[in-house]
Amino acid sequence: MKKIKILILFLLLMIPFGVKADSKVKLYLFYGDGCPHCAEEEEFFDEYLKNNNNVELVKYEVWHSSDNRELLQKVQDKINNHQNGVPFLVIGDKSIVGYIKGNTDNTIKCYVANYLNDDKQVDECIKDKYLTKTDSKKKYIDVVGQLAKGEDVDINNSEPETPAKVDPVVEDKTFNIPILGKISAKTVSLPLLSIVLGLTDGFNPCAMWVLVFLLSTLIGMKDKKKMVILGSVFLLTSGLVYFLVMFTWLNVIINISMSIIFRILIAIFALGAGIYNLYNYIKSLKTDDGCTVVNRTQRKKVMVRIKEFVHKKSLIIAILGIMLLAIGVNLVELLCSAGLPMIYGEVLAINNITGPKALVYDLIYILFFMLDDFIIFFIAIRTMNLASFSNKFSKYSHLVAGIIMLIIGILLIIKPSWLMFNF
Amino acid sequence: MTIIKIGASWCLSCHSMDKKLKQIKDKYNIDIKELDYDFDDEEVDKYNIGEKLPVLIFMKNDKEVCRLNGEKNISDIEEVLNKYEED
Chain A
1 MKKIKILILF LLLMIPFGVK ADSKVKLYLF YGDGCPHCAE EEEFFDEYLK NNNNVELVKY
61 EVWHSSDNRE LLQKVQDKIN NHQNGVPFLV IGDKSIVGYI KGNTDNTIKC YVANYLNDDK
121 QVDECIKDKY LTKTDSKKKY IDVVGQLAKG EDVDINNSEP ETPAKVDPVV EDKTFNIPIL
181 GKISAKTVSL PLLSIVLGLT DGFNPCAMWV LVFLLSTLIG MKDKKKMVIL GSVFLLTSGL
241 VYFLVMFTWL NVIINISMSI IFRILIAIFA LGAGIYNLYN YIKSLKTDDG CTVVNRTQRK
301 KVMVRIKEFV HKKSLIIAIL GIMLLAIGVN LVELLCSAGL PMIYGEVLAI NNITGPKALV
361 YDLIYILFFM LDDFIIFFIA IRTMNLASFS NKFSKYSHLV AGIIMLIIGI LLIIKPSWLM
421 FNF
Chain B
1001 MTIIKIGASW CLSCHSMDKK LKQIKDKYNI DIKELDYDFD DEEVDKYNIG EKLPVLIFMK
1061 NDKEVCRLNG EKNISDIEEV LNKYEED
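Residue numbers (this note's numbering), protein chains in the order written: chain A, 1 to 423; chain B, 1001 to 1087.
The hints are simulated quantities; they were obtained by calculation from the structure and are not laboratory data.
Among the hints, erroneous ones may be present.
[To be verified] Examples of chain A residues toward chain B, derived with CB under 8 angstroms:
1) V212
2) T287
3) D288
4) C291
5) R296
6) R299
7) S390
8) N391
[To be verified] Covered stretches of chain B (in silico footprint by chain A; criterion: 3 or more residues with CB under 8 angstroms from a CB of chain A, positions within the stretch not fixed):
9) 1002-1011
10) 1014-1025
11) 1034-1043
12) 1050-1064
Idealized CB from N, CA, C, for every residue including glycine.
Work out the full structure: start from the sequences and follow the hints.
Shown next, in the form of structure tokens:
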């Protein structure tokens, strides 16, 4: 009897922890169509799978498929890893978020070797710290496969899974701010970028002349009530037009053009616009400060219209007229400052900002884009003149816009992950 | 001495210059003639003003003696006035 017990025990010890020799290790890649790191990881798999017949890759696109996003959510709940972002790779019950060539590759190879019971490689992986000794004893469980079939999985895994070597792509830096506490870089960086870009775009002088002319005409009429009403109508309509254009643009980028080629095109545009802005800044250093005269005939037509609407006896007609004018003028003037919203849209897109979040970010942008207009409006109402303002600093908007556009353009090409605030 | 000021209602620099010219007028014995770049175009075009507004043209005995282009400080205008008033 004792011999039988020893034999059973011996046989049990012989059963490998990993997958059977004839079965495959399945790797599940949750990716976004157009995401640069996903494309890099896929390139790695193209080569890796050629030489590893016992590994199978199953891909789920999550930016355009709500079903796949739902599955990813279930997987994240199950393995207790709620890190945002793609690529999100699942091997058994282990996950790797993000991709860095030369680092993530090794982590993937080690996880696979572990599940295929390649003891020699596993020892090396432990030595190189891609695996821990605890990891190496884990049993292979096809978490995603079972969840995709609607089956429940028991992984007895309460600790969050992280790669043995921290992948910088996923490391979300946090810092302490007095009163506010611990804040992650990603949470702060994107709204901050929205504010900086909005402010820079807003100081672009080409979009402001209509407001100044409108206020100047109303000041001349000495009718404060009309000034408050028509000025507010103009500003709100302008904000709405700008917002709608930006929101539509963002949806166009996310739904149609999330490709690497498109990203490169936007990057080239950003570099071109950046150089043009810097050229304008350098040019402005050699010329006098003041207002540049452009297209007198066109502007005169708009000014005549403004005067007509403002002098209408019926306030309703005046309001409707100013609204129509604001829509028309802003659509035309948008071309003058379309550079920054276009680039901002791409930054939001690579950060996978969609739906209500995109609305909030666009609103932040517009609010700061219009901040200088609001300031001019409120001071004009208070003082009933426009003498307190100066155009001397508008040239610096070219300098700031130029530098920002160049930086974003370069990052879009060589380091898009930095624009996702994964440093 | 007469200063011809060419400006536009849509130009913040021109509004800022109005305030400065008012202060100058209180201090010096000068006339100021204002021309609107858009609506007094025929007369404005005679002066060949270039691409920056506002423009201040200093006239003495109906002859142009000096010109300031763009947004300037009060001291810049005073410098011109002091120079030509002495002549």
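Against the structure, the hints come out as follows:
1. A least Cβ separation of about 5 angstroms between V212/A and chain B falls short of the 8 angstroms threshold, and the interface hint therefore holds.
2. Interface hint status for T287/A: upheld, as the beta-carbon distance to the closest one in chain B is roughly 6 angstroms, under 8 angstroms.
3. Interface restraint check for D288/A: the shortest CB-CB distance to chain B comes to about 3 angstroms, inside 8 angstroms, so the restraint holds.
4. Given the 8 angstroms rule on beta carbons, the hint for C291/A holds: about 4 angstroms separates it from the nearest Cβ of chain B.
5. Given the 8 angstroms rule on beta carbons, the hint for R296/A holds: about 6 angstroms separates it from the nearest Cβ of chain B.
6. Hint status for R299/A relative to chain B: holds, with the closest Cβ pair at about 7 angstroms, below 8 angstroms.
7. Taken as an interface hint, S390/A checks out: its beta carbon lies about 5 angstroms from the nearest beta carbon of chain B, inside 8 angstroms.
8. Look at N391/A: its Cβ gets to within about 4 angstroms of chain B, closer than 8 angstroms, so that hint holds up.
9. Residue count for the segment 1002-1011 of chain B with a Cβ under 8 angstroms from a Cβ of chain A: 4. That meets the three needed, and the coverage hint holds.
10. Coverage of a stretch by a chain is defined here by at least three residues with a beta carbon nearer than 8 angstroms to that chain's beta carbons; for the segment 1014-1025 of chain B and chain A the count is 5, and the condition holds.
11. Counting residues of the segment 1034-1043 of chain B whose CB lies closer than 8 angstroms to any CB of chain A gives 4, so the stated coverage by that chain holds, three being the minimum.
12. Counting residues of the segment 1050-1064 of chain B whose beta carbon lies closer than 8 angstroms to any beta carbon of chain A gives 4, which reaches the threshold of three, so the coverage claim holds.
Going down the numbered hints, you'll see the structure goes against none, and every one checks out.
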